[in-house]
Amino acid sequence: MAAVAAQADTLNKLGVQILSVSTDSRFTHKIWQEEELTKMLPGGFPYPMLSDQGGRIGTIYGVYEEAAGVDFRGRFIIDPDGKIQAMEILTPEVGREVKELIRQVQAYQHVRATGEVTPAGWTPGKTTLKPGPALVGKVWEVWKPGA
Amino acid sequence: MGKPVDGCVTPAQGPIQTSEPAAEMMQQSVKEVAGMRARVGQEAPDFEANAYYQGGFKNIKLSDYRGKWVVLCFYPGDFTFV
Numbered sequence: 008m009a010a011v012a013a014q015a016d017t018l019n020k021l022g023v024q025i026l027s028v029s030t031d032s033r034f035t036h037k038i039w040q041e042e043e044l045t046k047m048l049p050g051g052f053p054y055p056m057l058s059d060q061g062g063r064i065g066t067i068y069g070v071y072e073e074a075a076g077v078d079f080r081g082r083f084i085i086d087p088d089g090k091i092q093a094m095e096i097l098t099p100e101v102g103r104e105v106k107e108l109i110r111q112v113q114a115y116q117h118v119r120a121t122g123e124v125t126p127a128g129w130t131p132g133k134t135t136l137k138p139g140p141a142l143v144g145k146v147w148e149v150w151k152p153g154a
Numbered sequence: 003m004g005k006p007v008d009g010c011v012t013p014a015q016g017p018i019q020t021s022e023p024a025a026e027m028m029q030q031s032v033k034e035v036a037g038m039r040a041r042v043g044q045e046a047p048d049f050e051a052n053a054y055y056q057g058g059f060k061n062i063k064l065s066d067y068r069g070k071w072v073v074l075c076f077y078p079g080d081f082t083f084v
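First to last, the sequence lines map onto chains A and B.
Under the numbering used here, the first sequence is numbered contiguously, ending at residue 154.
Under the numbering used here, the second sequence is numbered contiguously, ending at residue 84.
It cannot be assumed that every hint is accurate.
[As the list claims (entries may be wrong)] Straight line, CA to CA, 20 angstroms or less: simulated PhoX-like cross-link-like pairs of lysine-lysine:
| id | chain 1 | residue 1 | chain 2 | residue 2 |
| --- | --- | --- | --- | --- |
| 1 | B | 63 | A | 46 |
| 2 | B | 63 | A | 90 |
| 3 | A | 133 | A | 145 |
| 4 | A | 106 | A | 20 |
| 5 | A | 137 | A | 151 |
| 6 | A | 20 | B | 70 |
| 7 | A | 20 | A | 37 |
| 8 | A | 106 | A | 133 |
Treat the hints as calculated values from the structure; they're not laboratory data.
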């Protein structure tokens, strides 16, 4: 979570609200913030830290691991209409790549704003596609892998 | 969102059911929470959770953030290593 918090400036500019969720109590969150996170990051973790004791929220999001009683590293991008646009779920041993989260948010925001679609590996400024009959069979003319 | 209000004893609802669950769903165990399930392309299931924020405690609903881009990040636990 510290890696996400370290990108807070970028995420704030994109208008993204982060909510973190674990099966720890809110009291544990408080002590983690005070004892550790504030020493990793100036000001500590800047977003609400939610408590999912019992794993009921994790269960409906498909991330709760009953045997260990913890929520896996699930990450869900939810648009302003409340619709889930993307998800990623990792087992505990591997951490996230926050740059990829940011790239996906930028892509979904671009799609929402323009109606265009973003090909593989798209980052802001790269070629987008305008879906329609004229593009069928002609994608090769405007886009190639690695472009 | 208002300032955090100290509410150490306020229970949170957890998953929030928006419609009456079907009778057969009711017989399923609580872990299925009557058919609510997060799916890409579908509405995110709403919930209420106890939260720690800005030095205080408050209850937060996902639906409080309607109109904003939200990234919901689950993680295995405070004080873990990754």
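- Query: Does residue 151 of chain A lie within 20 angstroms of residue 137 of chain A when you go C-alpha to C-alpha?
  - Reply: It holds: about 15 angstroms lies between the C-alpha atoms, which stays within 20 angstroms.
- Query: For the pair supplied as a hint, residue 20 of chain A and residue 70 of chain B, is the alpha-carbon distance within the 20 angstroms limit?
  - Reply: 12 angstroms, holds
- Query: Taking only the CA atoms, is the gap from residue 63 of chain B to residue 90 of chain A under or equal to 20 angstroms?
  - Reply: 15 angstroms, holds
- Could you grab the alpha-carbon distance between residue 20 of chain A and residue 37 of chain A and see if it respects the 20 angstroms cut-off? 26 angstroms, violated
- Query: Are residue 63 of chain B and residue 46 of chain A close enough, with their CA atoms no more than 20 angstroms apart?
  - Reply: Judged against 20 angstroms, a Cα distance of about 29 angstroms means the pair is violated.
- Would the pair residue 106 of chain A and residue 133 of chain A pass a check requiring their Cα atoms to be no farther apart than 20 angstroms? 16 angstroms, holds
- Message: For a C-alpha distance cap of 20 angstroms, please report whether residue 106 of chain A and residue 20 of chain A respect it.
- Response: 14 angstroms, holds
- Task: Given the hint that residue 133 of chain A pairs with residue 145 of chain A, test it: the Cα-Cα distance must not exceed 20 angstroms.
- Result: With a Cα-Cα distance of about 18 angstroms, the restraint between residue 133 of chain A and residue 145 of chain A holds, given a limit of 20 angstroms.
Of the numbered hints listed earlier, those contradicted by the structure are 1, 7.
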